[in-house]
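Chemist: Residues per chain are reported as follows:
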Amino acid sequence: MVVIAKVIKKASDFVDKIGCGLLILTMAGMVFFSSIQIIARVFFTALAWSEELTRYLLVWSTFIGAGCVYKRGGHINVSFVQDKFKGKANKYAKILVHLICIAFFIIAVYYGVIYMMKQGAQSSPALGIRMNLMYMAIPLGCGVMLLHALNAIFEILVTGEVAE
Amino acid sequence: MGSILLLTFLGCLALGVPIAFSVAVAGVVVLIVGDVNLLIVVQRLFASSDSFSLVAIPFFILAGDLLARGEMSKMLVAFAEACIGKVKGGLSAVSVLASMFFAAISGSGAATTAAVGTSMLPELEKRGYEVDRAAALIASGGCIGVVIPPSVPMVLYAVIAEQSVTRLFKNGFFPGFMMGGILIAISLYEAKKFNYPDGRAFEFKYMVETFRKAVWALIMPLIILGGIFSGYFTPSEAAGVAVVYSMFASMFIYKDLTLKELGQIMLGSGKTSAIIMTIIACSGVFGWALANWQIPEAVAQAVLSVSDNKYIILLLMAVIVLIAGVFMETSSAIILITPVFLPLVRMLNIDLIHFGLIFTIGIAIGMITPPVAIDLFVASSITGMPIERIAKKVVPYLIGLIIVFFIYIYLPLFIPSLIL
Chain X
5 MVVIAKVIKK
15 ASDFVDKIGC
25 GLLILTMAGM
35 VFFSSIQIIA
45 RVFFTALAWS
55 EELTRYLLVW
65 STFIGAGCVY
75 KRGGHINVSF
85 VQDKFKGKAN
95 KYAKILVHLI
105 CIAFFIIAVY
115 YGVIYMMKQG
125 AQSSPALGIR
135 MNLMYMAIPL
145 GCGVMLLHAL
155 NAIFEILVTG
165 EVAE
Chain H
2 MGSILLLTFL
12 GCLALGVPIA
22 FSVAVAGVVV
32 LIVGDVNLLI
42 VVQRLFASSD
52 SFSLVAIPFF
62 ILAGDLLARG
72 EMSKMLVAFA
82 EACIGKVKGG
92 LSAVSVLASM
102 FFAAISGSGA
112 ATTAAVGTSM
122 LPELEKRGYE
132 VDRAAALIAS
142 GGCIGVVIPP
152 SVPMVLYAVI
162 AEQSVTRLFK
172 NGFFPGFMMG
182 GILIAISLYE
192 AKKFNYPDGR
202 AFEFKYMVET
212 FRKAVWALIM
222 PLIILGGIFS
232 GYFTPSEAAG
242 VAVVYSMFAS
252 MFIYKDLTLK
262 ELGQIMLGSG
272 KTSAIIMTII
282 ACSGVFGWAL
292 ANWQIPEAVA
302 QAVLSVSDNK
312 YIILLLMAVI
322 VLIAGVFMET
332 SSAIILITPV
342 FLPLVRMLNI
352 DLIHFGLIFT
362 IGIAIGMITP
372 PVAIDLFVAS
382 SITGMPIERI
392 AKKVVPYLIG
402 LIIVFFIYIY
412 LPLFIPSLIL
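First to last, the sequence lines map onto chains X and H.
Mapping of the first sequence onto our numbering: residues 5 to 168, in sequence order.
Mapping of the second sequence onto our numbering: residues 2 to 421, in sequence order.
Incorrect hints may have been included.
Per the computed footprint, the stretches of chain H lying under chain X, defined by three or more beta-carbons under 8 Å from a beta-carbon of chain X, are [unchecked claim]: (1) 29-41; (2) 45-54; (3) 262-269; (4) 302-311.
A few chain H residues that don't get close to chain X, going by computed Cβ distances all over 10 Å [claimed, not checked]: (5) 60; (6) 182; (7) 186; (8) 272; (9) 317; (10) 330; (11) 384; (12) 387.
The hints are simulated quantities; they were obtained by calculation from the structure and are not laboratory data.
All figures in this text were calculated on a predicted structure; none of them were measured in a lab.
Even for Gly, the Cβ is constructed at its ideal location relative to N, Cα and C.
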């Protein structure tokens, strides 16, 4: 089990590094393209595609960022009931929380892929990009969170400690 | 369906599942019970985060984070102090003014508290103010951050209630100034009571000097708010301008920001915004279930069967908002409660802009009421003082803000022209 835990940890750390990099890129991208939009409108003619692109970057930054936050246990929760459990019970309660999240991520990944295949052939109205590139943010982001959640469970099981 | 939705949500929440996923899981469970195709989950996740109005959220957070750490806030504070002159306890009044000013640049309470706190608290301590009381005042001033525009909670409310962000922003000034006014009044009274030192004597030369340094910060609200209200920028574009402006000012005028730091700040703001955006995306699933089974309408009918008096129901909603603010984080409270209240507000013919402001102020007050009190957390991490100690000193300010809250709830009902 220790070996599996190590592999998962490596994968989770690696994916997280990429995720954080991409998050900075999407943030910078949103700032850049909305600036271009204003400059173009004031000095030249209004752009048709910049708003759409910024919106899609927001969707991507949401689901990539959600992974970075999940990795650090940063999603807001209510912990006072959980804190009442001590020792082993606390450990199992924390694992249960990750398992519930995993159940949701599995649904999001599974139906996300189906949705991509069903609707993805359409092109976006202004950019003309295939929509499955946009929809991909959801299964991919939730898949990353699934990996982080698995990693968190293994960490609790192997070290007995909870990563913050 | 309503009870399954609520029980699953509360069950997950109590276990410690993050709010975002508690909402999503509750939505999914109800969809499965109701035999609805789960493709709607993905469709809602996408559609609820795919909105240009919401782009304002990462931008206002980023602009706030850029300013909170920078030289710009120190310059502003120096200028505010130079203007106020020799008043007893003048520096605490300055901190409220600085909070109000920052509120006009940043859209969040935490950023406002951080900006004013990091630049003012060391100075207040040096001059012999009680640090816990000063921290409490600055944390309370942080509440104004989301009431005076721009404001992240208002953007959230506007998107959910389908109202104009610009109109909400316009209506933020009046209650925001009332909040600032009452905080200044209380702080000056305390200055007398505890014999705080006088402010720096007024010198015209010093004022001009600080003005010259602060001018780059001072024109920022003119650009952001002027741009929005003149219709020149959309609120999201204005937020983008705020980011670019504070980036340039920090890098080239105040020279306290490197590219590497910029990346780190973007990462931090990206995460903060992702926390809010994940809740929004997931609440799309929840919201679909609410709407599909017309749960908010049922709630509204139930409430109206008890009383249909506008004033009493507003009081009830105000108390619920205040209590929600005690236990819930600002954005989650807005995202989750707004759709439940909307039909009731509509049936009672309450102006949705007025209600949005009531909601924003009520939830802003929640930022200084523990256990969940973001402004107190920020103030505590700046001073290194335990939250409980600051929380004790917050009481008079809290009472003042609640009084303003209730005045603002009822005043526009008698003077409708107060709602612009």
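Chemist: Evaluate each hint against the coordinates.
Modeler: Hints, one by one, checked against the model:
1. Residues of the region 29-41 of chain H lying with their CB closer than 8 Å to a CB of chain X number 3, which satisfies the three-residue condition for coverage.
2. As drawn, the region 45-54 of chain H meets chain X at 6 residues by the rule of a beta-carbon pair under 8 Å; at three or more, the given contact holds.
3. Closer than 8 Å: that is the beta-carbon criterion, and the region 262-269 of chain H has 3 residues meeting it against chain X, so the requirement of 3 holds.
4. Against chain X, the region 302-311 of chain H contributes 0 residues with a C-beta closer than 8 Å to a partner C-beta. That does not satisfy the three-residue criterion, and the hint is violated.
5. Distance check for residue 60 of chain H against chain X: the nearest CB is about 7 Å away, which does not clear 10 Å, and the non-interface claim fails.
6. At the 10 Å boundary, the C-beta of residue 182 of chain H stays outside the reach of chain X, the nearest C-beta of that chain being 32 Å off.
7. The beta carbon of residue 186 of chain H sits about 34 Å from the closest Cβ of chain X, which is more than 10 Å, so the claim that it is off the interface holds.
8. The Cβ of residue 272 of chain H sits about 5 Å from the closest Cβ of chain X, inside the 10 Å cut-off, so the non-interface label is violated.
9. A cut-off of 10 Å between C-beta atoms confirms that residue 317 of chain H is not in contact with chain X; the least separation is 24 Å.
10. A Cβ of chain X approaches the Cβ of residue 330 of chain H within 10 Å, the least distance being about 5 Å, so the stated non-interface status is violated.
11. Distance check for residue 384 of chain H against chain X: the nearest CB is about 23 Å away, which clears 10 Å, and the non-interface claim stands.
12. Against the 10 Å criterion, residue 387 of chain H stays outside the reach of chain X, whose nearest CB is about 18 Å from its own CB.
Going down the numbered hints, you'll see the structure goes against 4, 5, 8 and 10, while the others check out.
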